[in-house]
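Undergrad: Listed below are the residues making up each chain.
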Amino acid sequence: MTSRVLVVDDDTALAEMIGIVLRTEGFDPVFCGDGPSALAAFRETRPDLVLLDLMLPGMDGIEVCARIRAESGTPIIMLTAKSDTADVVKGLESGADDYMVKPFNPKELVARIRTRLRPTPESSVETYAVGDLTIDAAGHEVRRGDERISLTPLEFDLLLTLASKPQQVFTREMLLEQVWGYHYKADTRLVNVHVQRLRAKVEHDPDNPRIVMTVRGVGYRAGATT
Amino acid sequence: MATAVDDSRATGSWRAVRRRLLAVWRRSLQVRTVFITLGLSSLAILVIGLYISFSVASNLFQDQRSRVLEASNNATAAAQLILDSSDAADRGSLQLLMKATLDTVTSIAGTNDVALFRDPEAAPSTNAPPDRLSPDLAGVISPELRAQVQQHTERQYWQSVALENSSGGTDPGIVVGSVLQVPAGAGRYELYIGYNLAEAERTLAFMQVTGTVGALALLALLSAITLVVVRGVIEPIRTTASTSRRLAAGDLNVRIPERGEDELASLAASFNGMADSLRERIRELAELSVMQQRFVSDVSHELRTPLTTIRLAGDVLYGQREDFAGPTARTVELLHTQTERFERLLADLLEISRYDAGSVTLTTEPTNLVHLAGDVIESMNGLARERGSELRLEAPGGHLDAEVDPRRIRRIVTNLLGNAIEHGEGRPIVVAVDSNATAIALSVRDYGLGMSPEAAERVFDRFWRADPSRVRTIGGTGLGLAISLEDAVAHGGRLDVWSRPEQGSVFRLTLPRSTHVGGEPAGPGAVVPPLPLEPDDPGAAGPPPTASVGAILPDDDREVHDA
Chain A
176 MTSRVLVVDD DTALAEMIGI VLRTEGFDPV FCGDGPSALA AFRETRPDLV LLDLMLPGMD
236 GIEVCARIRA ESGTPIIMLT AKSDTADVVK GLESGADDYM VKPFNPKELV ARIRTRLRPT
296 PESSVETYAV GDLTIDAAGH EVRRGDERIS LTPLEFDLLL TLASKPQQVF TREMLLEQVW
356 GYHYKADTRL VNVHVQRLRA KVEHDPDNPR IVMTVRGVGY RAGATT
Chain L
35 MATAVDDSRA TGSWRAVRRR LLAVWRRSLQ VRTVFITLGL SSLAILVIGL YISFSVASNL
95 FQDQRSRVLE ASNNATAAAQ LILDSSDAAD RGSLQLLMKA TLDTVTSIAG TNDVALFRDP
155 EAAPSTNAPP DRLSPDLAGV ISPELRAQVQ QHTERQYWQS VALENSSGGT DPGIVVGSVL
215 QVPAGAGRYE LYIGYNLAEA ERTLAFMQVT GTVGALALLA LLSAITLVVV RGVIEPIRTT
275 ASTSRRLAAG DLNVRIPERG EDELASLAAS FNGMADSLRE RIRELAELSV MQQRFVSDVS
335 HELRTPLTTI RLAGDVLYGQ REDFAGPTAR TVELLHTQTE RFERLLADLL EISRYDAGSV
395 TLTTEPTNLV HLAGDVIESM NGLARERGSE LRLEAPGGHL DAEVDPRRIR RIVTNLLGNA
455 IEHGEGRPIV VAVDSNATAI ALSVRDYGLG MSPEAAERVF DRFWRADPSR VRTIGGTGLG
515 LAISLEDAVA HGGRLDVWSR PEQGSVFRLT LPRSTHVGGE PAGPGAVVPP LPLEPDDPGA
575 AGPPPTASVG AILPDDDREV HDA
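Chains as they are written, first to last, in this note's numbering: chain A, 176 to 401; chain L, 35 to 597.
If you're looking for bench data, these hints aren't it; they were derived computationally from the structure. Just so we're clear, the structure is a prediction, and the values are computed from it rather than from any experiment. Just so it is clear, CB atoms sit at the ideal spot from N, CA and C, and this is done for glycine as well. One should not assume that every hint holds.
[What the hints assert, rightly or not] Every beta carbon over 10 Å from chain L, so not counted as near; a handful from chain A, in silico:
hint: 1; residue: S178
hint: 2; residue: D186
hint: 3; residue: A188
hint: 4; residue: R221
hint: 5; residue: A241
hint: 6; residue: S247
hint: 7; residue: E268
hint: 8; residue: N280
hint: 9; residue: R289
hint: 10; residue: A304
hint: 11; residue: E352
hint: 12; residue: D362
hint: 13; residue: H379
hint: 14; residue: D380
hint: 15; residue: G392
[What the hints assert, rightly or not] Beta-carbon label-pair distances, calculated as ranges:
hint: 16; chain 1: L; residue 1: L379; chain 2: A; residue 2: S247; range: 31 to 41 Å
hint: 17; chain 1: A; residue 1: A245; chain 2: L; residue 2: R378; range: 49 to 59 Å
hint: 18; chain 1: L; residue 1: M325; chain 2: A; residue 2: T187; range: 27 to 37 Å
hint: 19; chain 1: L; residue 1: P487; chain 2: A; residue 2: G201; range: 55 to 65 Å
hint: 20; chain 1: L; residue 1: E367; chain 2: A; residue 2: T187; range: 47 to 57 Å
hint: 21; chain 1: A; residue 1: T187; chain 2: L; residue 2: S486; range: 52 to 62 Å
This is chain L alone, in the form it adopts within the complex:
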């Protein structure tokens, strides 16, 4: 069991190492280039080295062999000359002759390894000198060689052999066989001369070692060169990469230092050119946007003075509408309501333009959201009753003073309630307030028309209408939710929507309890909404009946410390 665990651990760590290496391989062009260069040049050097080694070895061997054959030929010829010119006839003189002949052979051939065998098929003779065999040649002369030598007496034959050396190993060698005619009826003798090629092999080995060392040094050098060259290319690329990252992050003033006139310099130059034109474009757009925002703001303001006159005139007429004939009275009424609508539209437009210009400042003060929601409900009760909707407030938490801009929060709640009443189909509407350690949330739930999820996604878009054919009865401007969203975001909070067709909608406002957490404005991700967005009764036609409609529950004990 333990072993298995260790094994799996080992496998795991090996896998981790492998993954890391693979990651390095994938991520670092430098590593990859160096390794590829190293691999390919190793292969090339290996092939070239092997070729050189083999051809040198083969040349060396052929050279040695021809020298050996020549020496052996000379020795054999000299030996035959001695034998032919001799007149020895008895056993003793023949032996002396044989000895002299072998001395000549060893001196001319330059080796002491000599063997001499009498033709096994010759008739036995008492005069014939005995066979001779140097100890080094024992067992290396193959029967095949001897057979060839015995058959073709005019030629030399050779064979590669392994000769034992003094250190107990073997050296490469060549044995050359030929035939001598010994006088005085002794007949043919096979002469074998052995040459040790250890010297040549040492030369070859030395050359191979030198070659290998050279190849390794070359590889190391190549790696170093590749590293340096790649670094020379990679560094500017890295600089470019980090510079473009900073550029992308919004630092429009970063540039790559341009050095020289090479390809990298032209890359740097074109990158810098791109950054310049980008900055220029952004500046132009920003100016254009500022101009446009100022224009919208100016237009809204300029429209206000004549609108005031129209408003005053319309209202004066409206106050006297009973004195007018039917159509004129109706005209005055239309003038009155549409002036009001125009005014609301203008106000919303101005508010949006303020957000677009980023000139919104919050005037925060400690505000109790439950009381605020209660106030808004009270002010909207009349409208709700007209539509048959009952407004309820449920506040399990949130009885604390949050640092918010009450004017904006009131506007959000009013807007959400207005929408709920308009689309609530006369069913009850539940306003819930709750809080946790970091955030406070307010949700408005209606059981009315609802929207498809696609529509819900666009509900905060400016001038967007879920159903263009549906008549606006309460007279929203189409900017309400867009402004509410901006208001929520300005507080570091968020505004979310849940909606299903025929099941109603939930709009949830979540605000951090203080707009500034640790000096930094709290981001929308910093708050955990204390209320769920999705209702637990999605299919219900209305909230469960409660005895305490609109009741405000007493403070939780967790709020005690927060006053």
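Only chain A is shown next, with the shape it has when bound in the complex:
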């Protein structure tokens, strides 16, 4: 099955080039050139992943990102010319899973896309318990009692990684490697922002986390089972 990738970029040359690279790698790219029509294109094509330029005519990429995230957990990778703190963090906070700073090379692009599309690794254990949550690894589900908590695939991966080794403290670098697939030093803000987003969904009180615990100066670990 070929994965469909929605490329939202107003630069037609870049979009076409990305399309060539994606097609060579066996993806099925679809295109959209501006912000306002991006949402319609997303609903129409049901892509497996969205490549989203942050600077778009009509509607800002961050806005598009937030709207897509509001209705779907589909992985979103932002393309940005600016790696400045504010822009990237804003994009991540509005729900993007990962970002790539222009200029990037094709290998990098494909690697990032593959990481986001890979299936959750099979594990011997079916369910994990963290705090008062139950994680069903095979069913891709997180429950608190009977209530189902909706997480994006990335957030699920993050929680599952922490929950699979409850005794272990994960540094941000370890999480970047295991969840985002970075094998070299990457931006630890990715971890910080997504831990915040995850906490907002799973914690009773995000300011006083019980599920995703911070280990000061080291990283994060899963909370104890209750």
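Place chain L on chain A using the hints.
TA: Same frame as chain A, but now just chain L:
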């Protein structure tokens, strides 16, 4: 001994006082002006006062003398008239005549100090009345006066004398001598009349005292006037001085209050005009600079999208280069490497423009510099081995978490190591990390080419190359060290260099252990580098061999509290 010490102490304190006075003299225009005015006017008043005093005294004396001479002349004439009209012949009547004559003389001359001497050369006569001498005149009539009087009988002679007064002192006086012809064979008599001029002297003294008091009052008044006038001029000058100091310190909105239309007001007006145009210029320059920085940033960003397309296209071609004929394959390779270089240049340019715009924010987190250095060494080991250089890590200290932006510090270390490898001539490279109470330092030492001190001074300049003819092999952008320096400074730290030709270089990064000390960003002067800049083996061709290459030593006990 003690005295000598006291003396030297006294001399010392006197010198200190003198130095202070000199300092006041040099620094205060007001003091100087008042003292100069006072000195010059004192001199003028002294000269004028002395002149007046002398001329008044001399006038007074001449006046007194002519009066005295006139009175004495009258008295002598009257006395001679009495003597000439007398027919006394015997001793008794002569004595009576003499008495009457002297009474007349005293009454006309207005003084009781009278002396009468018979001509010493006249023949002795029993009739002649005896000499008379008032006690006040005793011993004041000089033989010279008497000789003159005796020689020129027709004239009066006078002499200034000191007359004893009742209080035991002396008063100034004049003695006038003349000759009387006494009848009845008594012959010539010298008549001396003494006048006391104490009154005139008192007048003079009173006048002098009045004059002196007046002069002192005038001087005091002059000082006060000078003080007031100078203050009136000095105050605006002081205001101007302090205002220009504040202006120089960067407060572009300070102005001098303009009052009136005098010279000081025009000074204030032109100063304010200068400040206005200065502010205007600075504002223009700042706007221009912001525009330029924004332009550089925009250009860098705008270039990125087409560069991404080029990069993707180049990489796709590069991936298929085996399918192309020789020259085309090489073309594709060149396209690939130069696109990468262009990309690095663009990234560095953007980073520099960010620093220029002051829009850099540090994302600090507790970071272990020894681990960071170890990571960088590991990532650069391949390149180093290619060049034949061995990378060593020596960390006697620094095993603590410093509050730094790890991304930037990693960039600095990577850059320093890259430079060391490029210029290291294949000799070993030593990375050292150490810390003290306030700072943590990392130095990179190579034993390669090195630079002259002049070159080392410019090594942080943008796009500067020590040797333009030397080919860049690792492909630095020429902005690496400039960015590293900005990164270090942004942390409140510093980046120093030591280098000697053919002896290699040392680059030392010093960072405060926490970026904020007491709420204030620590200045570059606040940190004492824990590592020396100058190596202790400047001439060596390589580090001493160590058994524990790349070993990380266990934590010092002093770091225990800092975790």
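Undergrad: All hints, please: hold or fail.
TA: Okay, the hints, checked on the actual structure:
Distance to chain L confirms A:S178 as a non-interface residue, since its nearest Cβ pair spans about 19 Å, more than 10 Å. Here A:D186 does not stay apart from chain L, with its beta-carbon only about 5 Å from theirs, under the 10 Å limit. A beta-carbon of chain L comes within 10 Å of the beta-carbon of A:A188; the shortest separation is about 5 Å. The beta carbon of A:R221 is kept farther than 10 Å from every beta carbon of chain L, the shortest such distance being approximately 26 Å.
Residue placement check: A:A241 keeps its beta carbon more than 10 Å from all beta carbons of chain L (closest about 22 Å). Distance to chain L confirms A:S247 as a non-interface residue, since its nearest Cβ pair spans about 26 Å, more than 10 Å. Every CB of chain L is more than 10 Å from the CB of A:E268 (nearest about 15 Å), matching its label as outside the interface. A cut-off of 10 Å between C-beta atoms contradicts the statement that A:N280 is not in contact with chain L; the least separation is 5 Å.
With 10 Å as the threshold on Cβ separation, the claim that A:R289 sits away from chain L holds: the shortest Cβ distance comes to roughly 16 Å. Remark: the non-interface label on A:A304 is consistent with the geometry, its nearest Cβ contact in chain L lying 31 Å away (cut-off 10 Å). The Cβ of A:E352 lies farther than 10 Å from every Cβ of chain L, with a closest approach of about 14 Å, so its non-interface assignment holds. The beta carbon of A:D362 sits about 8 Å from the closest Cβ of chain L, which is not more than 10 Å, so the claim that it is off the interface is violated.
With 10 Å as the threshold on Cβ separation, the claim that A:H379 sits away from chain L holds: the shortest Cβ distance comes to roughly 27 Å. With a least beta-carbon separation of about 24 Å from chain L, A:D380 lies farther than 10 Å from that chain, consistent with its non-interface assignment. Non-interface call for A:G392 relative to chain L: violated, since the shortest CB-CB distance, roughly 5 Å, does not exceed 10 Å. A beta carbon spacing of about 39 Å between L:L379 and A:S247 agrees with the range 31 to 41 Å that was offered as a hint.
Between A:A245 and L:R378 the beta carbon distance is about 38 Å. The supplied range of 49 to 59 Å is therefore violated. Between L:M325 and A:T187 the CB atoms are about 30 Å apart, so this pair conforms to the stated range of 27 to 37 Å. L:P487 and A:G201 have their C-beta atoms about 59 Å apart, which keeps the hinted 55 to 65 Å range intact. For L:E367 and A:T187, the hinted distance range of 47 to 57 Å is not satisfied, since their beta carbons lie about 28 Å from each other.
Take A:T187 and L:S486: their Cβ atoms lie about 53 Å apart, and the range 52 to 62 Å holds.
When held up to the earlier numbered hints, the structure conflicts with 2, 3, 8, 12, 15, 17, 20 and fits the remainder.
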